[in-house]
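First to last, the protein sequences are chains A and B.
Residues in the first sequence are numbered consecutively from 1, following this note's numbering.
Residues in the second sequence are numbered consecutively from 76, following this note's numbering.
Treat the hints with care, since some could be wrong.
To be verified - To spell it out: a stretch of chain B is covered by chain A in this simulated footprint if at least three of its residues, at any positions, have a beta carbon under 8 Å from a beta carbon of chain A; those stretches are: (1) 171–178; (2) 222–236.
As the list claims (entries may be wrong) - Simulated pairs of lysine-lysine, PhoX-like, Cα-Cα distance not exceeding 25 Å: (3) A:Lys43 - B:Lys176; (4) B:Lys176 - A:Lys71; (5) A:Lys43 - A:Lys23; (6) B:Lys176 - B:Lys94; (7) A:Lys71 - B:Lys94; (8) A:Lys12 - A:Lys23; (9) A:Lys23 - B:Lys176; (10) A:Lys12 - A:Lys43; (11) A:Lys43 - A:Lys71; (12) A:Lys71 - A:Lys12.
Bear in mind the hints are in silico, worked out from the structure with no lab data behind them.
Treat the numbers as computed from the prediction; the structure is a model and nothing was measured.
No residue lacks a Cβ here, since even glycine has one placed at the ideal position from N, Cα and C.
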Amino acid sequence: MATNPISNNIRKLRFYHDEMTQKELADRVGVTRQTIVAIENAKYSPSLELAFRIAHVFGAPLEEVFAYNPKDDSF
Amino acid sequence: MSYQEEKFQRETSLSYREKSVIAAMITSFVIYGIFSVAVYQRYQAGSFDTSEVLLFWGRAILILAGVIIVFQILTQIALAIINTIVTREEEDPSFEDERDKLIELRGRRVSANVFAIGFLLAMALLAFGQPPTVMFVTLMAFMIGSDIVESLYTLYLYRRGF
Numbered sequence: 001m002a003t004n005p006i007s008n009n010i011r012k013l014r015f016y017h018d019e020m021t022q023k024e025l026a027d028r029v030g031v032t033r034q035t036i037v038a039i040e041n042a043k044y045s046p047s048l049e050l051a052f053r054i055a056h057v058f059g060a061p062l063e064e065v066f067a068y069n070p071k072d073d074s075f
Numbered sequence: 076m077s078y079q080e081e082k083f084q085r086e087t088s089l090s091y092r093e094k095s096v097i098a099a100m101i102t103s104f105v106i107y108g109i110f111s112v113a114v115y116q117r118y119q120a121g122s123f124d125t126s127e128v129l130l131f132w133g134r135a136i137l138i139l140a141g142v143i144i145v146f147q148i149l150t151q152i153a154l155a156i157i158n159t160i161v162t163r164e165e166e167d168p169s170f171e172d173e174r175d176k177l178i179e180l181r182g183r184r185v186s187a188n189v190f191a192i193g194f195l196l197a198m199a200l201l202a203f204g205q206p207p208t209v210m211f212v213t214l215m216a217f218m219i220g221s222d223i224v225e226s227l228y229t230l231y232l233y234r235r236g237f
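Model the full structure from these sequences, guided by the hints.
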C-alpha cells in the first residue's frame, strides 16, 4: 500500500494539551474515537473541514498539525 | 488513559460500527440459510411450468427482502440495547462521521459491482437457453454474495483504519 503523503502531529499535540485523550478530541471535533486513531496513524486523511476543526481545538495553524510530503504522493 | 492503554484498546476492541456490521452479517447468514433451505424444499415439492416458476421466484424474492429488512432492524435495536448494557456507554447508533460514510460507500460500490456481475451472468445464462430457475438461483446467489462481500470489505476497512 502507498504511503500516505499527509503526516500529522496529533499525538504530540495531544500530549502538550494535558495528555488529551483520543475520545476527548473526537468529541470536540464531532467524530468517533476510531477516526482519530485512523488519522493519527496516517491511515485516513481527514476532510479539510475536519482538519481545520482539529487545528482549532489545539489552537494551532493547520500546517503545525498536518504536513504534506510530496515525495510520498503517487498521483 | 495512557498511550499504551489507548494502543491496547485500539488493537483489541471493536467499535460500535464494527459490531453492527458483524451483527448484520450474522443475521444475513441465518436468514439466507433458512431461506435457501425453505425455497429448495418448496421447489422440490412442486412441479412448475414457466409462468409458475416466475411467480414462485417473484414471491420468494419479495418475501426474502421483507424478512431481511425486518430482522436487520430488530438486530440493530437489540445490538444497541445490549451494547449500552455491557459497555455502559450511550452511543447514538445513528451517528456516523465522514470516515464511516466513506467506508459505507466503498462497501456499497464493491457490493454493486458483485451484483452487476451476477446480473449479467444470469442474463447470459438465459440467453444461452438455461431455464428461468437457473437464472433466478444465479441472481439469488450473487445477491447473497454481494451482501456478504460488502460486510467483509467494510469490516476489513474498519480494521485497517480506512
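Against the structure, the hints:
1. 171–178: Check passed, 4 qualifying residues.
2. 222–236: holds (count 3)
3. A:Lys43 - B:Lys176: holds (16 Å)
4. B:Lys176 - A:Lys71: violated (29 Å)
5. A:Lys43 - A:Lys23: holds (18 Å)
6. B:Lys176 - B:Lys94: Holds - the C-alpha atoms of lysine 94 of chain B and lysine 176 of chain B are around 16 Å apart, at most 25 Å.
7. A:Lys71 - B:Lys94: violated (38 Å)
8. A:Lys12 - A:Lys23: It holds: about 15 Å lies between the C-alpha atoms, which stays within 25 Å.
9. A:Lys23 - B:Lys176: holds (19 Å)
10. A:Lys12 - A:Lys43: Status holds; Cα separation ~17 Å.
11. A:Lys43 - A:Lys71: holds (17 Å)
12. A:Lys71 - A:Lys12: holds (23 Å)
Checked against the numbered hints given earlier, this structure breaks hints 4, 7; the rest are met.
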